[in-house]
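Following the hints, complete the assembly by docking chains B, C, D, E and F onto the known chain A.
Respectively, the protein sequence lines represent chains A, B, C, D, E and F.
Residue numbers for the first sequence follow the working numbering, beginning at 91 and rising by one.
Residue numbers for the second sequence follow the working numbering, beginning at 91 and rising by one.
Residue numbers for the third sequence follow the working numbering, beginning at 91 and rising by one.
Residue numbers for the fourth sequence follow the working numbering, beginning at 91 and rising by one.
Residue numbers for the fifth sequence follow the working numbering, beginning at 91 and rising by one.
Residue numbers for the sixth sequence follow the working numbering, beginning at 91 and rising by one.
Everything labelled a hint here was simulated from the structure, so no lab data went into it.
Among the clues, some could well be false.
No copy is singled out in the list; a pair is fine if it fits within one copy or between any two copies.
Said to hold, decoys possible - Each computed DSS-like pair below joins lysine-lysine, with the alpha-carbon atoms no more than 27 Å apart: (1) K343 / K168; (2) K316 / K149; (3) K223 / K208; (4) K223 / K149; (5) K343 / K312; (6) K208 / K243; (7) K272 / K316; (8) K223 / K321; (9) K223 / K244; (10) K321 / K149; (11) K168 / K149; (12) K149 / K272; (13) K244 / K208; (14) K272 / K312; (15) K244 / K168; (16) K149 / K343; (17) K272 / K223; (18) K312 / K208; (19) K308 / K343; (20) K243 / K223; (21) K243 / K168; (22) K149 / K304; (23) K312 / K223; (24) K321 / K308; (25) K304 / K316.
It should be emphasised that the depicted structure is a prediction, and the values quoted were computed from it without experimental measurement.
6 protein chains.
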Amino acid sequence: MTFLKIFNLKEDHMSETHKGQEQSIEDYRIQHPPYYLPVGDEVTLFRTAHESRVPIMLKGPTGCGKTRFVEYMAYQLKLPLITVACHEDLTASDLLGRYLLKGEETVWVDGPLTLAVKHGALCYLDEVVEARKDTTVVIHPLTDARRILPIEKKGQIIEARDEFMLIISYNPGYQSALKDLKQSTKQRFISVEFNYPPGEPEAEIVQHETQVSKEIAKGLVKIGQKIRNLKHYGLEEGVSTRLLIYAGQLIQKGIHPRNACEVAIVQPITDDEEMQRSIREIVSTIL
Amino acid sequence: MTFLKIFNLKEDHMSETHKGQEQSIEDYRIQHPPYYLPVGDEVTLFRTAHESRVPIMLKGPTGCGKTRFVEYMAYQLKLPLITVACHEDLTASDLLGRYLLKGEETVWVDGPLTLAVKHGALCYLDEVVEARKDTTVVIHPLTDARRILPIEKKGQIIEARDEFMLIISYNPGYQSALKDLKQSTKQRFISVEFNYPPGEPEAEIVQHETQVSKEIAKGLVKIGQKIRNLKHYGLEEGVSTRLLIYAGQLIQKGIHPRNACEVAIVQPITDDEEMQRSIREIVSTIL
Amino acid sequence: MTFLKIFNLKEDHMSETHKGQEQSIEDYRIQHPPYYLPVGDEVTLFRTAHESRVPIMLKGPTGCGKTRFVEYMAYQLKLPLITVACHEDLTASDLLGRYLLKGEETVWVDGPLTLAVKHGALCYLDEVVEARKDTTVVIHPLTDARRILPIEKKGQIIEARDEFMLIISYNPGYQSALKDLKQSTKQRFISVEFNYPPGEPEAEIVQHETQVSKEIAKGLVKIGQKIRNLKHYGLEEGVSTRLLIYAGQLIQKGIHPRNACEVAIVQPITDDEEMQRSIREIVSTIL
Amino acid sequence: MTFLKIFNLKEDHMSETHKGQEQSIEDYRIQHPPYYLPVGDEVTLFRTAHESRVPIMLKGPTGCGKTRFVEYMAYQLKLPLITVACHEDLTASDLLGRYLLKGEETVWVDGPLTLAVKHGALCYLDEVVEARKDTTVVIHPLTDARRILPIEKKGQIIEARDEFMLIISYNPGYQSALKDLKQSTKQRFISVEFNYPPGEPEAEIVQHETQVSKEIAKGLVKIGQKIRNLKHYGLEEGVSTRLLIYAGQLIQKGIHPRNACEVAIVQPITDDEEMQRSIREIVSTIL
Amino acid sequence: MTFLKIFNLKEDHMSETHKGQEQSIEDYRIQHPPYYLPVGDEVTLFRTAHESRVPIMLKGPTGCGKTRFVEYMAYQLKLPLITVACHEDLTASDLLGRYLLKGEETVWVDGPLTLAVKHGALCYLDEVVEARKDTTVVIHPLTDARRILPIEKKGQIIEARDEFMLIISYNPGYQSALKDLKQSTKQRFISVEFNYPPGEPEAEIVQHETQVSKEIAKGLVKIGQKIRNLKHYGLEEGVSTRLLIYAGQLIQKGIHPRNACEVAIVQPITDDEEMQRSIREIVSTIL
Amino acid sequence: MTFLKIFNLKEDHMSETHKGQEQSIEDYRIQHPPYYLPVGDEVTLFRTAHESRVPIMLKGPTGCGKTRFVEYMAYQLKLPLITVACHEDLTASDLLGRYLLKGEETVWVDGPLTLAVKHGALCYLDEVVEARKDTTVVIHPLTDARRILPIEKKGQIIEARDEFMLIISYNPGYQSALKDLKQSTKQRFISVEFNYPPGEPEAEIVQHETQVSKEIAKGLVKIGQKIRNLKHYGLEEGVSTRLLIYAGQLIQKGIHPRNACEVAIVQPITDDEEMQRSIREIVSTIL
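This is chain A alone, in the form it adopts within the complex:
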């Protein structure tokens, strides 16, 4: 399993780092090539969008590889990647930065978006629809021809570097009337659809990440596909590639395949006993 070593905080260095609190953009560079298997023209589209300075939206279900794809592209483009997991309490200030009292002075600390804009990094706002509305509006002037970031608290306008690119993710399965991106936001992005990888590549991914036998990997993917078909029968969301990998990891460590699937697949995706029984049956016919 490829680990993304962003920076390894060692105990003895920690206190200094804490004092200095220097925000180094270099910390956001991806050191090792992330494992990613392209399944369509998403790599070309991303490169072209980046060259055209057009922002991009990744549409797709949870755990199908969107985050990994962005890491892969950041590595390919040799650019730092700043990822922000959005949530209901994320405000514009969390993205832009804020004043902090330090000794006797107030100092400005750049937020992740400001950092990316200034240094020409990729900025990935994961599940942006979860964020508070002011966040969505903050990205508007960055996503049209102006490509600027006004920081009202400082009375400052920052023009994005050419390398800067905004990426957002969006899971259409989740959206309700209450939580949807406004058209005036959506129409600022080109939008690439993601889905679970097809059988062949998904088995390859599972095997690569878990070291299980080809047979087991194929079996897990087959289970995944059959469960995803249950979605039309009341399952909230299909099983992610990530969970298939979890199951593979447990099997590889000696857990019986059915027990591994019970805790890595059946229990995580549903609390409904009826549905659990159906999934267990799928598992037991295949593994």
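Below, chains B, C, D, E and F without anything else, positioned relative to chain A:
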């Protein structure tokens, strides 16, 4: 593509600029003539309203050129333009300014509206209906014969300079009962309606911004028009000129037109599979 | 058009004024006689209420002259006028004042109501029903025989000067069950009803404010009256005198009367296409 | 009209008083005997409750004399009176006190309830049901045998002086399911019902407060009584004695009785045109 | 009537006490034996729970003696008692403590729960269901085998002294779906039911607290019992022992028994006129 | 009964500890082996998940041993355990840490999650679904291949130590539509189901924790099982092992078994009188 160079923050100058934090109104001057193609008498109306010191409201759908029009007018009138993208958490203080602790003293930092009022700039409140209600009320004394801005926190009243003008935008398609401007606000503005440009000028715009062939530009606009007609069949909002430009940019960079339209038009404007199919058909009959 | 010069903040004086931050009640004196045409006994009633130290409520639709009337009375009574546009986030502290950190000391800064109470000014709370509930309660002890303002944060009670008078405005057309003044508040005010001026005086006002010909002025007023009759056919609120003046200003500057009415009347008061057509017809039969 | 001179803040003394910010309980003493006409055994009950150290609740409609009665009792008992008009944003801290930064030190400033408890004053919480729930709970240990006020922020418990008495008012006509005192609060008070005074005393009050002729006073009271009967026909609340006094004051200053009743009675109590006509008819048959 | 003298804050000592702000646990000791008449095995159960270090919940209606019982047990066990009246705005920090700025340093001030945990006091959270949810969760680790109080703000874990005991009260009559203790909270307490005392002891209590004659005391209790039976006919809650004592106190001071019952019983428990008549009838047949 | 001695705060050491405020990870080590009786393969699964660096979710009802299991595993793995009881007001900052003013400097204080990530501890978020949404999102990058904790306020990214493991608990019986973990969170954990222990082991646990006779222990467990069957007849949740232990403790201290079951079982789990009767019957047939 014309880039609006407001000011280019260079790394080496940045730290100084940060220290000084001088809010210079000159930063808000538009340096290069923005590309804008007038389609009616909006330019004359804007000029007359400015001369009569009457505030103006721009009504229209997303991505049809309202922001560009305001930039164009600011350039024509040789006035700085301060744009505020309104959102649910925008308070009156965000517009007026606030006290900040600096060293041992509390200093007042003007908000964007105060800056504009003092220096006689254009102030553009984009999607003002999204802002909190106190914001709407703050603009009342600026939009009648008084043309004053009371800053209660400072016990001060500022009379607007003659050049100052307030512009707000408003998308009638969005408004619900909960989020509508009050009549006591609406009746303080003259109101100009905007829409997507007619076929000829829109093709000219797409071509100017993307450098695609006239034929491709015309094709994209034709697609745009046909999609906009779908609005009566359940499409939330028509496709914006901006998205047509995105498609053109991708095509110009070598992406196949249908793929370009898929990611720049089909995916951004709808998640509905049925609707996506209809739009794909429109695309494939034209390009 | 008569401009109310409260004080003209000149660039070169600004920094000093900012430093001192002296709240001078003199800044709230109205320098030039505001143009106001009495239409009933409102002037006498206001004077008598002021003499009897009874607070007053002005009831009526938007843009019919309530604010101008209060300015007129302030000028007549030679008293300063402090106006507060109320909104959903206006708290009692915004009216009363608050402690601010200044250098090493906390200093108290009087709010607009406290200022008015201490100096015997008129205090006009515009659309008081919009304010938060604590605001409404703050004015209770000022509006009965006690005429006192307790400032709990300072443990202080201020007795109002004899010249002090509280004026509130209220638009009955707006009120819903959720947003209504409580009887225990309403029954503390005498209440004068306002409405659009009758045809003759309204034409006089339009002409005075815009310099259009008598004929145009009469035409605009006739349009206004016909539109106000549409209120029973679904129009949210009639057209205000202010909008008629806007239309006149545009016509006087050379805009074609129908275009002027389109942007100053049709577009501001409704987004409903059906209703817009009806109003356009009214306009075209008269101008 | 008897004015309650609590303390007259003179301009020249103001700055000093502001500096010192001494909370003197003497400021809360009522200097002149308030005019109050007892209508039942309320005076005896109040005295007995005070002797028995039992808190009291005054139930009744707006403007019927509850506040005046409390002032009268405070004067009779020679005790200071601290009145707090409760509202939706009134918190426990507003009543108890809070820490304030003063120069380099944090100092505690007693709230009105703490002041009353320490100095043995009467504390009158007007419309307590409007306050936030924490306020209601703060008074619990003061209203049972313990008679203590725990100030958690200071880790302190203050036992009430014997003279201290808590009085709350409550308007049963207002209460909804959402806004009602809990039984665990109600059952801590003895409760005296108030209503508009009977005809004879009410006319005496109106005459005393306005100096109108006995005939006019009687006429106004008769109008009041007839309007109060309309309550069963959809009027939200009857007309208060206060409004009758307002009408009398205007008449005394020369306003025609019908005009005085229009602005002091008809307009304040209802916006319903039908209801206004009925009230006008009552007025015109009597005055 | 037995008064609980926790500490008597004398004017002359006050300023010093204020400066020092020492939170002495001794202030929470009960000086005089509270009057309490046991009606079941509640005393033994409380003692056993205390010995077993099991927390206890007291279930029952308002004013039936829960608070007095806890005071009685604290006195019997010779332990300090810290009572917190819970309310909707009570946060975990209010219980645990918080940092306060003092001169140039931030000092930590223990909240009531922390004080009790550290010093082995009884901590009584009255109507805990009213508190905010974080409060309920704060007590979880204190109410299982761990008996610890983690103070996250200080990164500290405090183990409760053996004498510490948590007591909560709960009125099942009040609970709605929205406001109920979670099972994961309820199942952490043994739970003792309280109710109004039976006739004999209740008369004894009333007599003890008011000094009225045995006959009057018995009459008041009889009235109480009959009113409590009305609960099935729409009365929100029965009359508390406390109100019977209030009535007795007024009678003892010379108020006519029916008047005393009117203000101490009829008016406090209901605003419904029908219900008031029924209660008055009960009163007049007995006293 | 085994007490978990995390650290025993002695009075005399307290003031120092307070000054220093050193957050020592050693304080979170479990000193004595917690008593836990494994009932399935949960121990192996936990160990494997820990080795595979896969986070774990424990699903099950209140009081069935989830917390004790985590303590047991922490002791077995010789790792510190940081437990956070989640609640509605728990924010991301509560987990991550915050800046505190200390003397003249602002110092950062690590939150419990940061502490665990840095030092390779187990971090147990109890009832994570109760926390605010930002909390849930904070754990996302910790629960995929990245295993990083971005602390946006410090512009820092901390990579988790290999020993670090995240454990969350979740009670499926509680979840409503409003309060459920998102699939994008659930699918990041393997998930082990917990339930009340089977009869034999549960009796063993009760006996071990209370020292009652085997017979009494078996009786209590039998009562527990019969009550749990009532869940299908309207009981909100079954009786927990914890309550059975409470009952045993009271019996052991000499309380009559039926009285012990009344206060430890009947009263805590339901307020419904009908249901209480049924449970009492179960109790009286067995003990």
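Hints, verified against the model:
no.	hint	result
1	K343 / K168	between (35 Å within a copy, 21 Å between copies)
2	K316 / K149	both (22 Å within a copy, 25 Å between copies)
3	K223 / K208	within (23 Å within a copy, 29 Å between copies)
4	K223 / K149	both (19 Å within a copy, 21 Å between copies)
5	K343 / K312	within (21 Å within a copy, 39 Å between copies)
6	K208 / K243	both (17 Å within a copy, 18 Å between copies)
7	K272 / K316	between (34 Å within a copy, 22 Å between copies)
8	K223 / K321	between (31 Å within a copy, 25 Å between copies)
9	K223 / K244	both (21 Å within a copy, 24 Å between copies)
10	K321 / K149	both (18 Å within a copy, 23 Å between copies)
11	K168 / K149	within (24 Å within a copy, 42 Å between copies)
12	K149 / K272	both (15 Å within a copy, 17 Å between copies)
13	K244 / K208	both (15 Å within a copy, 17 Å between copies)
14	K272 / K312	between (37 Å within a copy, 24 Å between copies)
15	K244 / K168	between (31 Å within a copy, 24 Å between copies)
16	K149 / K343	between (34 Å within a copy, 23 Å between copies)
17	K272 / K223	both (10 Å within a copy, 20 Å between copies)
18	K312 / K208	neither (46 Å within a copy, 39 Å between copies)
19	K308 / K343	within (18 Å within a copy, 39 Å between copies)
20	K243 / K223	both (18 Å within a copy, 20 Å between copies)
21	K243 / K168	between (32 Å within a copy, 26 Å between copies)
22	K149 / K304	neither (30 Å within a copy, 32 Å between copies)
23	K312 / K223	neither (40 Å within a copy, 33 Å between copies)
24	K321 / K308	within (21 Å within a copy, 42 Å between copies)
25	K304 / K316	within (18 Å within a copy, 49 Å between copies)
Hints 18, 22, 23 from the earlier list are contradicted by this structure; the remaining hints agree with it.
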